[in-house]
Amino acid sequence: MLLKKLGWWDELSEEEKKEAEGKNWKTDPSGGIIRVAMKNHGCHPFGNAKARAVVWNFPDGVPQHREPLFSPRPDMIEKYPTHDDVKTMWRLPTMFKSVQQKNKDVSKQFPLVLTSGRLVEYEGGGEETRSNPWLAELQQENFIEINPRAANDRGVRNGEYVWVSTPSGARIKVKALVTERVDSGTCFIPFHFSGWWQGQDMLAFYPEGAAPIVRGEAVNTATTYGYDRVTMMQETKTTLCQVAKA
Amino acid sequence: MARMKFLCDAERCIECNGCVTACKQEHEVPWGVNRRRVVTINDGVPGEKSISVACMHCSDAPCMAVCPVDCFYRTEDGVVLHDKDLCIGCGYCFYACPFGAPQFPQAGAFGLRGKMDKCTFCAGGPEKDRSEEEFKKYGRNRLSEGKLPACAEMCSTKALLGGDGDVVADIYRERVLKRGKGSEVWGWGTAYGQGKPAAAPAGAKS
Ligand code: SF4
Ligand code: SF4
Chain A
1 MLLKKLGWWD
11 ELSEEEKKEA
21 EGKNWKTDPS
31 GGIIRVAMKN
41 HGCHPFGNAK
51 ARAVVWNFPD
61 GVPQHREPLF
71 SPRPDMIEKY
81 PTHDDVKTMW
91 RLPTMFKSVQ
101 QKNKDVSKQF
111 PLVLTSGRLV
121 EYEGGGEETR
131 SNPWLAELQQ
141 ENFIEINPRA
151 ANDRGVRNGE
161 YVWVSTPSGA
171 RIKVKALVTE
181 RVDSGTCFIP
191 FHFSGWWQGQ
201 DMLAFYPEGA
211 APIVRGEAVN
221 TATTYGYDRV
231 TMMQETKTTL
241 CQVAKA
Chain B
1 MARMKFLCDA
11 ERCIECNGCV
21 TACKQEHEVP
31 WGVNRRRVVT
41 INDGVPGEKS
51 ISVACMHCSD
61 APCMAVCPVD
71 CFYRTEDGVV
81 LHDKDLCIGC
91 GYCFYACPFG
101 APQFPQAGAF
111 GLRGKMDKCT
121 FCAGGPEKDR
131 SEEEFKKYGR
141 NRLSEGKLPA
151 CAEMCSTKAL
161 LGGDGDVVAD
171 IYRERVLKRG
181 KGSEVWGWGT
191 AYGQGKPAAA
201 PAGAKS
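Each protein sequence line maps, in turn, to chains A and B. If you're matching positions, the first sequence starts at 1 in the working numbering and goes up one per residue. If you're matching positions, the second sequence starts at 1 in the working numbering and goes up one per residue.
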C-alpha cells in the first residue's frame, strides 16, 4: 500500500481509512487517497489516473452518460440528452442537440445499431494490409455481422450480398456474415476496406499499379454526423442502419 | 536427436493469423496455397475455439504410406519432407492426410494439380541446405540455420509451439497445471499416437 509506505496514511480521516484500506488510487471509493496525494502533497495525476479526477474545464467534469446523436432509444435521449450545439468549436459551428432531436425517431426507419471495428490481422484503414498479398488473402471481401434473428426477418442468408443504409443517405454493399456474435439489434462492419463506392468497384480510377489487391466498401461512407465535445474526434464508431437483401 | 512436433493450444489462440502470414512471408508461398491455416470452431458463440493447423509431421504419416512414387522421407528430427522432383501431383496424400495439409497450386484439366506443397517444419527439402533451388521449391531452411519454425516463433500468444517434442510437452503440461483446464491437445493422438511417442529411427521409411 503506497500511501502507508510514503507515510501519508494518517492524513486520511478515520472514515476514509475504513474505505481506503487495501485500496489504491483507482479503487478507493472514499476519494481520500486522491485528496491526500493531490491537495496535501501537490501530486499531479497523468495517464489513466486522470480518469478519476474532476476536469473543471471540460463540459462534463467527470464522465457521464449521454445518448449518441443517432440512438435507437428515444426514452434515453429524454433522460440523457447530449450537449447543446456549439457556435464555435475550434472555430467551427458544431451541432449536437439539434441533430439528436431531429433524429429522435429515426430508429423506426433504421432500427439496427451499426458499430464498426477492427479485425485482429488488419492494420488501420487497411490500405497497407490489402496491398500485401500475404495479408490480403486472409479477408478478401468486406462484410457485415448480423444476428440470425435480424437476418431471418430480412430474408438474408449467410454469404449473400446486402445493402446497408444509414440516416446519412448512403448505401453500402457488403456480404452478410450471420452470427450470434452480435445481438439481434446490433450489426458490425470492419473498417479496413475501401475501393468500392456505394456498390461499385473503383478499380478503374486508381492510378496504374496503385490499387490494393482486394477492395471493398468503406464503412465510413455510411457513418453519420457527430463529434466529440472536447477533442472533436469524428463519430465513426457507431450509428444506426437498416439492412436489406441486395 | 530431438523429435520435432507442433502443438496448438486452443485456450490461447486468438485467430490472428500471424502464423499463417509468417509462413507465407518466410517462404514466399503463392496466393491460394496455405501451408498453415487457422480453423475456428463454434465461431461467434460462447465456447468458440481456434486452432492453427498445418502438417503435423506425424510419427506414422499416412501421406508417406499412400504416395505411389514414394516421394516422402523423414529427417533425423522426425520432420516429414517430400521431393517435388518425384511428386506427380496425384493428390493421394491430400485424401490421406487427417489435417488437410497437402496443397496443390492449381486445379487444371485432367486432374492436373502441379507439385504438392506443404509445411516443411521450415526444414527445406532434399536439395543442398540453404541453396537457391531449395528455397525456390520448399522455402527457407530455418532448422539448418539453427532456428525454429517461423509460424511458432511469430505467435504472439504462444498458442502455437513448435520444436523438440519433449520441451513442447513440458511447457504445455506446466500451463495446464497452472490454469487447471484445457488438457486435451488437439491432433496429438492422431499425429503422434497415444501415450509417449517413440522416437522415429533416423531415416526410417514406413
Ligand atoms: S513450420 Fe514453417 S513451413 Fe510449416 S507452417 Fe510453420 S512457417 Fe510454414
Ligand atoms: S499466431 Fe498464434 S494466436 Fe495467432 S492464429 Fe496463429 S496460433 Fe493462433
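In short, the hints are calculated from the structure, not lab data. Please note that a few of the clues may not be correct.
[As the list claims (entries may be wrong)] Quick list of simulated restraints, FRET-style, between CB atoms:
(1) B:Asp-43 x A:Trp-197: 53 to 63 Å
(2) A:Trp-197 x B:Gly-114: 47 to 57 Å
(3) B:Gly-114 x A:Glu-123: 25 to 35 Å
(4) A:Met-1 x B:Thr-157: 44 to 54 Å
(5) B:Glu-48 x A:Gly-159: 24 to 34 Å
(6) A:Asp-228 x B:Asp-43: 32 to 42 Å
(7) B:Asp-43 x A:Gly-124: 38 to 48 Å
(8) A:Val-120 x B:Ser-144: 46 to 56 Å
[Stated by the list, open to error] From chain A, some residues computed to sit far from chain B (all C-beta separations above 12 Å):
(9) Pro-133
(10) Ala-136
(11) Glu-137
(12) Pro-148
(13) Arg-181
Remember, predicted model here, so these are calculated numbers, not experimental data. Ideal Cβ placement from N, Cα and C applies to all residues, glycine included.
Against the structure, the hints:
1. B:Asp-43 x A:Trp-197: 53 to 63 Å: violated, 30 Å
2. A:Trp-197 x B:Gly-114: 47 to 57 Å: For Trp-197 (chain A) and Gly-114 (chain B) the Cβ distance comes to about 38 Å; the hint is violated.
3. B:Gly-114 x A:Glu-123: 25 to 35 Å: holds, 32 Å
4. A:Met-1 x B:Thr-157: 44 to 54 Å: violated, 33 Å
5. B:Glu-48 x A:Gly-159: 24 to 34 Å: violated, 19 Å
6. A:Asp-228 x B:Asp-43: 32 to 42 Å: Hint holds: Cβ distance 34 Å, inside 32 to 42 Å.
7. B:Asp-43 x A:Gly-124: 38 to 48 Å: violated, 24 Å
8. A:Val-120 x B:Ser-144: 46 to 56 Å: violated, 32 Å
9. Pro-133: Violated: least Cβ distance 6 Å, not greater than 12 Å.
10. Ala-136: Violated, since 8 Å does not exceed 12 Å.
11. Glu-137: Non-interface label on Glu-137 (chain A) violated, nearest chain B Cβ at 6 Å vs cutoff 12 Å.
12. Pro-148: Violated, because the least Cβ-Cβ distance between Pro-148 (chain A) and chain B comes to about 10 Å, which does not exceed 12 Å.
13. Arg-181: violated, 4 Å
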